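Asker: Required output: the full structure, derived from the provided sequences and hints.
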Amino acid sequence: MLLGWFEKRWCWHWDLELLIGKLQDATKVIPPGREFLRRIINLLQGGWLYHPHILLNRAFFSDLRWWQFLLFHWNGDPRMMPLPSPLLLLVVDLLVDLTVAWALESCIRCFRTIVP
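Residue numbers (this note's numbering): 1 to 116.
Derived from the structure by calculation, the hints contain no laboratory data. Please read these numbers as outputs of a predicted model, since none were measured by experiment. The beta carbon of each residue, even a glycine, is placed where N, CA and C say it ideally should be. A few of these clues could be false.
Beta-carbon label-pair distances, calculated as ranges [what the hints assert, rightly or not]:
| hint | residue 1 | residue 2 | range |
| --- | --- | --- | --- |
| 1 | 42 | 71 | 15 to 25 Å |
| 2 | 44 | 3 | 15 to 25 Å |
| 3 | 17 | 66 | 11 to 21 Å |
Answerer: Listed below in structure tokens is the structure:
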């Protein structure tokens, strides 16, 4: 779907509308794709109303590369970053527990010095 677009330097207005429609439908299952659709939509609004030729700029190709990446590597997770490993979660959880225990012990010591 996207490979033919990388060879173009301009397109017809209705071709760009069709591409935007397909990508908009894809955002229903690939939510991070919304960020890479706005500049493509802006190309439609940049010129005269229904001007038949639209020049494709660098921002368009940049967003199109992101779409190509998202369509190829999408794992179904709505977040952009992968989940951290379980070991990292364990270490962070342990550090939080130790920090809370240290803070609680410090508060108890402070309270004992104030109230005999």
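Asker: Indicate, hint by hint, whether the structure satisfies it.
Answerer: Quick rundown of the hints versus the structure:
1. 42 / 71: 15 to 25 Å: The hinted range 15 to 25 Å holds for residue 42 and residue 71, with Cβ atoms some 21 Å apart.
2. 44 / 3: 15 to 25 Å: holds (22 Å)
3. 17 / 66: 11 to 21 Å: holds (20 Å)
Checked against the numbered hints above, the structure violates none of them.
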